[in-house]
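Student: I would like the entire structure built from these sequences, with the hints used as guidance.
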Amino acid sequence: MTASTLPNSSSADPFHEFYGAPSLPRPHYALLWDNMQSAGLDNLTAKAREAHLALHAEGVTFTVYSDKEEGIERVWPFDIIPRIIPGAEWDLLSSGLKQRVKALNLFLRDLYHDQKILKDGVVPADLIHEGKDFRREIIGIDPPGGIYTHISGVDLIRDGHGKYMVLEDNLRTPSGVSYMIENRMIERRVLPEFFSRYKVRRMEHYPALLLQALRRLSPRGPGEAVIVMLTPGIYNSAYFEHTFLAKEMGVELAEGRDLLVSNDRVYLKTTLGLKQVDVIYRRVDDDFLDPLCFRSDSLVGVAGLINAWRAGHVALVNAPGGGIADDKAVYAYVPDIIRYYLSEEPIIGNVPTYLMSRPDEREKVLDQLERMVVKVVNESGGYGMLMGPSSTAAERAEFKKKILAKPRDFIAQPVIPLSQHLCYLDNELQSRHLDLRPFIIYGEEIEVVPGGLTRVAFRKGSLVVNSSQGGGSKDTWVVESVT
Amino acid sequence: MMLSRMADALYWMARYLERAYNTSRLIEINLLHMVEAEEASFGAAQWRPILSIMGSEGLFSQLGPHRAIDKDTTVQFLTQERRHPGSILQCIQSARENARVVRDRISKEMWECINQMWLAVDKTLKKPLRSDQAPAFYYEVQNRVARFHGLTQDTMMRGEAYGFYRLGTHLERADMTVRTLDVKYHILLPTVEMVGSALDYYQWAALLKSLSGFEAYRRHYPGGLRPVDVSEFILLSPVYPRSLRFSVERLGGALTHIGFESPETRTCQAYRALRGDIEKSTAESIFKQGLHEYLQDRLLQIAALHSALQTDCFEAHLGERVAVSDRA
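First to last, the protein sequences are chains A and B. Residue numbers for the first sequence follow the numbering used here, so the first one is 61 and each next one is one higher. Residue numbers for the second sequence follow the numbering used here, so the first one is -10 and each next one is one higher.
Don't read these hints as lab results, they were simulated from the structure. Idealized CB from N, CA, C, for every residue including glycine. Fair warning: there could be bad hints in the mix.
Claimed, not checked - Heads up, incomplete: computed chain B residues facing chain A, CB under 8 Å, no partners named:
id, residue
1, S(-7)
2, A(-4)
3, R89
4, C302
5, A305
Tutor: Structure (structure tokens):
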């Protein structure tokens, strides 16, 4: 699609997930709605309060970075009204996600080996070689099972007609799964009566699935595998999640300084001396993973780690180098990547995306920046993004300059009016925009736990759902029964 | 086997909590004592010893070079001075930060308790603590720490992590008990024969109360408050749970939990020296040597045990035991 045929999405009405018509809930929300009506708003207020107190006491937090203060810890914002997805609708999404992750892994394997897809001209070679996250250091290395992204988080949104689309693939160190599980624990506490009636599918076994996937990667066999979770430390925004997963899986939570590499083997510094490590679930970005291989100023990495991985003595999860596949310019090619490797049509489509490296698309986008979302290709968490409709002329001018200076670093997308849902905020029922991040584990097979993390833009009218930018969340129910 | 850094964090989490508890208790009793003993001085004479127990006289004068040592300045400094790492506020913050590091090693109940403790204390101490709030505040701190220990007893696995928590708790407690007694020594200069005056009575009673041992002492020693008896009770009682001896015996159990029973480790050698000397001691032998000298020797032994732990556990990978353990 070119910019001239760009749909004027910003003026279209968003899809409402809860209401089918004004004040009339969709069939799968009727049971919940009737109960909310008969119990009254006071009851919701009490439940919302109970949920907040529980999150506060449990210390379910995330850390926000700002220019003024470093690392403010905030309580995870949660809305008690669940998002409900009928089972059949979910099953289709689930197969679409598996298809996508399978193709992306074949793509990565190809990129770091024969590069057939580049030779066949399906994806431009320049796009890959100019990508910041393409790691020449790992060309030719075979990660166990040929898998690069053992854990993926794919962001889904719905357009004005309710059609699901992929907004972003997160293939590096996607976070949010602990909040998905915490949301469920809180929700079951405050709305216990609905779980059996709706037959909500369970997903709290995620850590067990993950542990299984990690264990099978152990170079010394899965039996006695020593697995550690590598965190950048307590000031990382997702530190809560790191402790959560380490605890749920019963593995050590290590920082870079807890590990050392000797003779291409990785060791843990313990109270009994050194202990060899087999699998590292790392939540440290490629850049900071190994100061000998990537950024030499990294304080959170482990010197020599990449060599140990290359020698096959330790498994890294996700494997280094996967970031090139979630580069937002490469994203535009994912439907073609799926067709190329799997000879299938994509089950879930993409959001129309304009590459600023293409002169014709760039020109058209620059003419209508106020209607576009501009993103930096290798940022995540909503940082470094321009929301056209709410931007000032000065901000647009600044972005224009940046785009012209480094076109490869930017993409633009039309503003999709994310679907809305009912929230209970400030003791009132209000509609807010949201998205969905399901989590996909690539172990022996590809598995998707039902649902995912529903992220909500709590600010009225806002389309930005990232928790670092004022977003909150809801529990997501994939249900068998809707009556 | 556990991560050295985790072991260190568990140990310090416990030490900081114990320090917060002891500081709180010392301030509370000193404030009460002021009310009980009217003739007592309200100024430096009553408050300097507390600074000295905490080893923070230097920092106190550094932060306010011309500041008088009186009730308000000392209480503020010990309770909520953010630049004083030993203030109750900073201790609880450090304990909570350490707990956050070992969140996957402690029970959910323990984490919630320490997190709520921090939230509550931080909220109260956003403003200067008013004197009318003080009793309730110190009571609350002690209560919350006690609750943490209770939850720990009931919910924590009895493994290595528990061992490091116990080491931190009892090492800090032993250290504080010795320091508290030593400072009173300087004020009262007791001898074996001495029978306290009225003022001394209040001083010794306050000492026992700040170690939560007044009532237990009265039941044990019907003869009244004799310095030699009080010292014996605080140092050597096998049943009073804050006595030096009791804490040191608990340290032995903690060493078993972390698997440090083998006699050749530095930690075990340091421990045996401390425990052996306490077991040989009697009230008479202590006063014969000189109470102050005796206490100083014990403080040195406690410090030696701490640094042995540092070498054997928290920095084990630097030592000669860098054998590749390979159970797989």
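Student: For every hint, state whether the structure bears it out.
Tutor: Hint by hint, here is what the structure shows:
1. S(-7): holds (5 Å)
2. A(-4): For A(-4)/B, the interface hint holds, since the closest Cβ of chain A sits about 5 Å away, which is under 8 Å.
3. R89: Constraint on R89/B satisfied, holds at 6 Å.
4. C302: With a minimum Cβ separation of about 4 Å from chain A (threshold 8 Å), the hint on C302/B holds.
5. A305: holds (5 Å)
Violated hints: none; the structure is consistent with every hint.
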